[in-house]
Structures are given as structure tokens and as C-alpha cells.
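Peer 1: So you can see what is in the structure, the chains are spelled out below.
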Amino acid sequence: MSNPTEIPAVTLDRIETGRTLALRIALGGLVGSLVIAGLFEGTGQFLRSYLASYVWVFAFGLGSLVLLMIQNISGGVWGYAIRRLLEAAAGTLPALAVLFLPVLLGFTGLYDMIGEKQLITKTVEEHHFEAPRLYEWAVPDAVIQNDPILQRKSGYLNVPFWIIRSAISFALWIGMALWLINLSDKQDRENDPSRRAAIKQRMQAISAPGILIFGLTIMFISTDWVMSLEPHWYSTMYPVIFGFSQLLSSMALAIIALVAFYDVSPFDKSMSRNHLRDLGSFLLGFVIFWTYISFSQFLLMWSANLKEEVPYYIARTTGGWEIITTILGFGHFLLPFLLLLFRETKRRKEIIWKIAAFVLVMRFFDIFWQVAGAFHHGHLSIHLLDLSTLAMLGGAWTWVYLGNISKRPLLPLHDEREDSLPIYGV
Amino acid sequence: MSTKTEKPGLFGLLAEFETTQAVFDAANAVRKEGFTKVEAYSPFPVEGLWEAVGHKRTWLPVLVFIGGLTGATCAFFLQTLTAGAHPDSLDPLLDGTVSTLTGNMLSFNYRMNIAGRPFFSWPAFIPPIFEMTILFSAFTALFGMLILNGYPLPHHPLFNNKKFERASSDRFFICIEATDPTFDREATEHFLQGLKPLSVTEVPL
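Residue numbers (this note's numbering), protein chains in the order written: chain A, 3 to 428; chain B, 251 to 455.
Simulated from the structure, these hints should not be mistaken for laboratory data.
Here are the computed lysine-lysine pairs in the DSSO-like style, where the Cα-Cα straight-line distance is at most 27 angstroms:
| no. | chain 1 | residue 1 | chain 2 | residue 2 |
| --- | --- | --- | --- | --- |
| 1 | A | 202 | A | 409 |
| 2 | A | 409 | A | 188 |
| 3 | A | 309 | A | 155 |
| 4 | A | 271 | B | 282 |
| 5 | B | 287 | B | 446 |
| 6 | B | 306 | A | 271 |
| 7 | B | 446 | B | 412 |
| 8 | B | 287 | B | 412 |
| 9 | A | 351 | B | 306 |
Some chain B residues flagged as far from chain A (calculated, every beta-carbon gap over 10 angstroms):
| no. | residue |
| --- | --- |
| 10 | 286 |
| 11 | 313 |
| 12 | 327 |
| 13 | 361 |
| 14 | 410 |
| 15 | 417 |
| 16 | 421 |
| 17 | 434 |
| 18 | 436 |
| 19 | 450 |
Yeah, the Cβ is synthetic: ideal placement off N, Cα and C, and Gly gets one too.
Pulled out of the complex, with its shape left as it was, chain A reads as follows (with noise of 0.2 angstroms):
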């Protein structure tokens, strides 16, 4: 066998048509939304479109590194199988900050030409309708007066303070994920077992309160980001759905790229249809777990039937948006549901992963309706900068995602797990 720690030639390869073809879609992606912002849109509709691709890129980075904390802790060969591959995407994480910096263009008082006295006079919606900016609560204080439910809001709804979240809940996220990739790599150039187990206890230590600080910063996030979008609009169920769709989105990643380097070493002689089973288990899990929790937010909104909390769902099932919700359940429900099933479509890698494709696919409309939805109320609107940034995200994420694949060998090389694969292998 050939020295382990080289990544085969036929890998390379691979990783660098994709990462050839993932950089032309972003730079096409790139151009187009340019173009069609500079030309025609303006920075609004770009911002607006640039955030419904932002967190549906974004899931891949922070779902994986709660992925890679969880099989650190849980054990399991499923973990081992795709442990690189996590890792990987977790070390984009760094790049996804940069990437989240046009977000705060959001805030910038590009069209507040207007003066003081006549802000006075405005609602939130007038004003924001006339100087329209990603957050409606972050119109000037003038406005918020007019606003009672906006100004209780305020002191937790400020720019300032929205900054200051992110940036710690990044600074946190990429903390935990280089260090879980630093121990990794001193795992395989460590020789003495002994010392190796010390490392994996490390790695343990890291990922248990991980994933707490995981489900605390995903609360500040989630409503950051997406639920203030509506502000008046508020769910304690949507963090958890907003949480959770990154782990979806990750497991689905997780098999694409697994069944993409299935055929070549090392995991031609290490793999088995059973680890895509397991796997393909855990995105039947996770589709059902999303359906759950999805439809309880509606459910339990629908029989209050609230005027603070109904709108939502009003904007979202009528004008065009029922094709949407109504796509949403059977295709990121009923579908994947009923074909996930079935053992023999998780075990075959041709079939798995164009149902993890499609769940990928499906998790773009459920952030469009999410996003997208709150700013188009009740009428349907999708526009070509959805796409063209959808494009040049996703191009320039699989590109650092690939490169960072390309680092290192593709399974770990002293995890104690391998010695269960002969097991594992019928």
C-alpha cells in the first residue's frame, strides 16, 4: 500500500475539476450579479437575495462542525467515514465571515435622504417601503418612536448590538473549528497511542460544551439574521428550525461528497453500503425532524390563530407563495420521506445522492420562503439575482470547501474507529 498519508493522484484530480468548475460558477455568478444590481436593481433586491444564498451556503460550515462534535463525542463509524469531510467544511467557516460582510451593507443609510422632521410623521412601514434596507427595525430612531413594539424592541434590535452578536458567535464558531481541526491533524502525525487518546479526549472536551454554545449562539443568530427580517413576527420554535436545517443541510452534503470520492482511494477499500445507509438514516431522521418541527410552527400558529403571529403564514400561502409551501411539503417532506425508506436506495451511492441532492435543492426553498417571504408579502416574486448569487456563493464556497478537502488524507489516520470497519465491511 502506498504511503498514507498522500492523497492519490486520481483524488486530486477530481478535487480540482471540481474546484475548476465550482470557481467558473462563481465567477459567472459573480458577473451576472454585478451586472444585473449595477444595471438595473440596485443594492436592495442584491442584498436581499445575496442573504437567502448566504445562509443556505452558510448551513454547510456550522452544521458540520456540530456534526464533527457530535460523532466526536457519540462515536460511530458513520463519523469516521465522513470525519474529513467535515472537517473540511467546517474549515470554511473563516471564509463564510468574510463572505457574511456584504450582509452589513444592509444597515447602511444608503437611501435615508430624507430629513429629520418628516421621519417623525412616518411608520416603520412607510418608511421602510420608501428607504428600503435588509432589517426593517433598523430604520433611524426617528421612525422607531412611531413603532411601540419596535422601540421595546430596540434594546435588543440595534445595529450595534446585532454586530456585536455576530461577530462574537463567529469568533466562537471558528475558535472551536480550527482547534477540532489542529488536534486532528496532531492525531495523525502522533505515533503513541497513549498520546493519541489524550488528543481525542481533548477533542471530546472541545465538543461537548460545543455543542452547547452551538444551540446558545444559534438563538441570537437565527433571530438576527432571518426572524428580524419580520420583526413583529416572533417564534421560539423558529430557532430550532433555523438550527437544525444546517445539520440537514451538512448530513446531505456529507453523503455528495462521500459517494464523489467513494470509488477512490482511500475509501474504495474502506467503505461499505452500510456506512451510506447509516448515513442516508440520519438524512431520513433529519427529514423527518424538520417536517416536525416546520409544521408544529404552523400548526400551533394556525390554531392560535394570533394577528402577531398568522401574518407570517398568510404572507407565505397566498399570492404565489401556496406553490412554494406547497412544494416544500412534498418535496422536502413527503418525497425524501418515502424514498429514504427503502434500504436499498440508501445503499446504492448512485441512488443516495441524487436524494441528497434533491434535499439540498429543497433546502434552498424552504430559506427562499423563509427569506424571500418576508420580503415580498403575499405575492410570489422571484428574481434573477436569487440565482445569480445562489450561483456565485455556492461556486465560491465548493471552492474553498474542495481546497480544503485537497489538504489532507480523506480518512484519519490513527482514529480507532478503523479497526471496526473489517466488522462493519459485509
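The hints should help you fit chain B onto chain A, whose structure is shown.
Peer 2: Same frame as chain A, now just chain B:
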């Protein structure tokens, strides 16, 4: 194997192993040798052992799926026929069948006006549908598993073998049953000894 020297009253041969790896390797060897009436026993579930012994898949998942579907359908119609649409609104479509079938027994008397919501409030029907799906699939899984395993079974010949008691604490066993078409008292024992077990013993009927 031409001559069968199988003694009357022999259930099978029991090989005892100390580790999961040992029983797993043995199970693979037994399967490759072509034995089909084989069962492995362990104090806890060993991942992959089931496949290694060569067990074929059962009908249980299909039964559970049908059970779940039955539960969902029952719950849906239970709610729709009692609290949902009025038969008069269905009958034009179904040519009077609903009234004929239900008569006065299910006369949709449980329709309640709750804050002006439609009688056919499908979102509110979903939680009972979900619960009934789970209930029916769980019962099908439990009872289907018991029946497919041949339960109730008051006694099993394996308990005639003293060594087998440790199958519930710290030993792993593989039993090749005498009903296996390729079973041969001496040859099979010889084969099992080749797998380096702790012991090979007879299981009397």
C-alpha cells in the same frame, strides 16, 4: 457428504466464542461454508453479525409500513367522518354511498364550530394521524417480530445445553442446527473446531 450420521434427538452443534471479533469471523466462515440453518447468540447486539450469519431480510419492514399506513388512514377517516365534511357535501360526488353506508350511526354529529374554523380542518387532524401511524407501526413491529420469530415459545432446545447460560452474560455462540441440509455430525464438528472456539458441544433436543 453422503452418509448422515445424525443422531436422533440432536438439535445442533454449539460453538462458544470469547470475543465479538471471534464470533464475527466464525459467522463469516460458517456462511461461506454454505450452512443455512445457523443462528448466532450474543449478550448484546453485534453490528453486522446478523448479515454475517447469512440471514435473509424479513418481511417485517413491509408489514410495519402497511401497519403505519392503516393507522394513518383510520385516523384520517375517523376524524373526517365524525368532525369533517357533512355527508350531504360528499354524497353528490359519491352518489349517495356515504349516507347508505353510515346511516344514522355516523351522522357527523361531532362537528363543532371552533372559532369559526372549517369543519374539515386538516392541519388539526395531522397530530392524531401522526400518533395513530406511530401506534399502529409500533404494534405491528412488536407483534410482527414476535410472530415471525415463532413466539410464543415456552422452551427452546438450546437451554438443554448448560454452557448456553453464558450467552446472556459474557459469551458468544454460533449454533449450526441439525436440520441444515449439509449438517454432518462429525464433519460439522470438525469444521467448527477449525474456527478455534472455546468449545464445541452438542445441543440435545
